[in-house]
Amino acid sequence: MGVEILIVDDEVEFAEAFAERLQLRGFAARIASGGEQALQMLEEGGAKIMVLDLKMPGMDGLEVLRRVKKSGHEVEVIILSGHGPEMDEYCVRNLGALTCLRKPADIADILEAVKRAEKRLTRRE
Amino acid sequence: MKANELAFFGKIAAGVTHELKNVLAVINETNGLTADLLAMLEEAPFPHREKLQRSAKRIEEQVRRGVEIISRFNRFAHSIDYPLADVDLNSIVTQTVSLSHRFAALLNVELQGAVCDLPIMLFTSEFRVQMALTKAIEAFIKCMGGAGSILIKVQNDLGAPGLDFYFGGECCEKVAKGAVEEFSEWGEFEELAAILDISHGWRTSDGGFALFFHKRA
Chain A
1 MGVEILIVDD EVEFAEAFAE RLQLRGFAAR IASGGEQALQ MLEEGGAKIM
51 VLDLKMPGMD GLEVLRRVKK SGHEVEVIIL SGHGPEMDEY CVRNLGALTC
101 LRKPADIADI LEAVKRAEKR LTRRE
Chain B
126 MKANELAFFG KIAAGVTHEL KNVLAVINET NGLTADLLAM LEEAPFPHRE
176 KLQRSAKRIE EQVRRGVEII SRFNRFAHSI DYPLADVDLN SIVTQTVSLS
226 HRFAALLNVE LQGAVCDLPI MLFTSEFRVQ MALTKAIEAF IKCMGGAGSI
276 LIKVQNDLGA PGLDFYFGGE CCEKVAKGAV EEFSEWGEFE ELAAILDISH
326 GWRTSDGGFA LFFHKRA
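Protein chains in written order, with this note's numbering: chain A, 1 to 125; chain B, 126 to 342.
Honestly, the hints are just simulated from the structure, not real lab data. None of the values given here were measured: they were computed from a predicted structure. It is possible that part of the hints are untrue.
The list that follows gives simulated cross-link-like pairs (lysine to aspartate or glutamate, EDC-like), each with its CA atoms no further than 16 Å apart [as the list claims (entries may be wrong)]:
no., chain 1, residue 1, chain 2, residue 2
1, B, Lys182, A, Glu36
2, B, Lys267, B, Glu235
3, B, Lys278, B, Asp242
4, A, Lys55, A, Glu43
5, A, Lys55, B, Asp289
6, B, Lys278, B, Glu295
Across the chosen pairs, the derived CB separations fall in these ranges [what the hints assert, rightly or not]:
no., chain 1, residue 1, chain 2, residue 2, range
7, A, Gly26, B, Glu175, 42 to 50 Å
8, A, Pro57, B, Glu298, 56 to 64 Å
9, B, Phe133, A, Gly84, 17 to 25 Å
10, A, Asp109, B, Ser216, 17 to 25 Å
11, A, Gly72, B, Pro172, 35 to 43 Å
12, B, Asp282, A, Lys115, 40 to 48 Å
13, B, Pro244, A, Tyr90, 42 to 50 Å
14, B, Ile194, A, Tyr90, 24 to 32 Å
15, B, Arg190, A, Arg93, 26 to 34 Å
16, A, Asp109, B, Pro170, 42 to 50 Å
17, B, Phe134, A, Ala28, 42 to 50 Å
18, B, Glu168, A, Gly26, 27 to 35 Å
19, B, Glu193, A, Arg25, 22 to 30 Å
To give an idea of the interface, some chain A residues facing chain B are shown, with a C-beta separation under 7 Å as derived from the structure [unchecked claim]:
no., residue
20, Leu24
21, Gly34
22, Lys103
23, Pro104
24, Ile107
Backbone N, C-alpha and C fix where the C-beta goes; we use that ideal spot for every residue, glycine too.
The whole structure should be built from the sequences, with the hints applied where relevant.
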């Protein structure tokens, strides 16, 4: 089984289909439908890569990203959201996200980002 | 319409486009899962496989088309956010052509844009420039009154950034100075051009139309 990926998205139908596609490709994919749940699941351990939506009710993606990076978790974060490009630089440079992708994204682009995340994780080990 | 009313419209429209993108994301991912499963069953005998694969491909293409349209509309909705801003003339033309494409096609006019490789920054109201261009395009199309084509070419060689309009097709000769003035859209274009400090005129060489922007970023 490949690296564990945590999908954080309040659009449950999207997250479920996306998780199944990742599972078909050998990844262990789990779903969190909100920011609080994502942080809790991260505390439980396992996930090395997080695919994070930005606009969610309650704790939004930006806040999740801030808290993840502040907590020192060694998790690579890929932003996958319907937002415009204006947030990309801020998320990557200021908040430490690996990259930003636009929804709906091509699975090939997501897998490419996952590959980059895996490389960074390997370098860190 | 007041500025705050326009801003309200823009905010709601931007929110709706975000929701629509989420809908398309769910369709895209669900369809992708179907396509994945079909690919996995490639070796197994499967009735109507080709039809299912074709359907999945078509859904994928239409999702891409939908995303493109929604993204353009989202950008248009956000163009109301700031009364004045730095904006690339190339992206205004791409945006306007894309948004007006369907109106033109319904009247048998093909609308095309040709942009420069480098950005041409203006300090202007993106929303109003789009409206001015659209009004001019509408007047040209009405003037043609039949099949034709309009090419809008961005240029930056003549001192001020500008746009050259080229008219083609069997009805292109009908587009001329006196003729467009008969349409109310032309009056609206001229009014906006004056507000935005855009000068304009007709080329004697080929009967085309040109306009120049004087508010560089």
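Going down the list of hints, with the structure as the test:
1. B/Lys182 to A/Glu36: 37 Å, violated
2. B/Lys267 to B/Glu235: Within the cut-off at roughly 13 Å; holds.
3. B/Lys278 to B/Asp242: Holds - the C-alpha atoms of aspartate 242 of chain B and lysine 278 of chain B are around 12 Å apart, at most 16 Å.
4. A/Lys55 to A/Glu43: 22 Å, violated
5. A/Lys55 to B/Asp289: 41 Å, violated
6. B/Lys278 to B/Glu295: 20 Å, violated
7. A/Gly26 to B/Glu175: 42 to 50 Å: 28 Å, violated
8. A/Pro57 to B/Glu298: 56 to 64 Å: 58 Å, holds
9. B/Phe133 to A/Gly84: 17 to 25 Å: Holds - the Cβ-Cβ distance for phenylalanine 133 of chain B and glycine 84 of chain A, about 20 Å, lies within 17 to 25 Å.
10. A/Asp109 to B/Ser216: 17 to 25 Å: Given a distance of about 23 Å, which is inside 17 to 25 Å, the answer is holds.
11. A/Gly72 to B/Pro172: 35 to 43 Å: 54 Å, violated
12. B/Asp282 to A/Lys115: 40 to 48 Å: 44 Å, holds
13. B/Pro244 to A/Tyr90: 42 to 50 Å: 21 Å, violated
14. B/Ile194 to A/Tyr90: 24 to 32 Å: 27 Å, holds
15. B/Arg190 to A/Arg93: 26 to 34 Å: 33 Å, holds
16. A/Asp109 to B/Pro170: 42 to 50 Å: For aspartate 109 of chain A and proline 170 of chain B the Cβ distance comes to about 33 Å; the hint is violated.
17. B/Phe134 to A/Ala28: 42 to 50 Å: 45 Å, holds
18. B/Glu168 to A/Gly26: 27 to 35 Å: Distance hint for glutamate 168 of chain B, glycine 26 of chain A is violated at roughly 19 Å.
19. B/Glu193 to A/Arg25: 22 to 30 Å: The hinted range 22 to 30 Å holds for glutamate 193 of chain B and arginine 25 of chain A, with Cβ atoms some 27 Å apart.
20. Leu24: 5 Å, holds
21. Gly34: 15 Å, violated
22. Lys103: 4 Å, holds
23. Pro104: With Cβ-Cβ at 4 Å, under 7 Å, it holds.
24. Ile107: Hint holds; isoleucine 107 of chain A Cβ to chain B Cβ min 6 Å, cut 7 Å.
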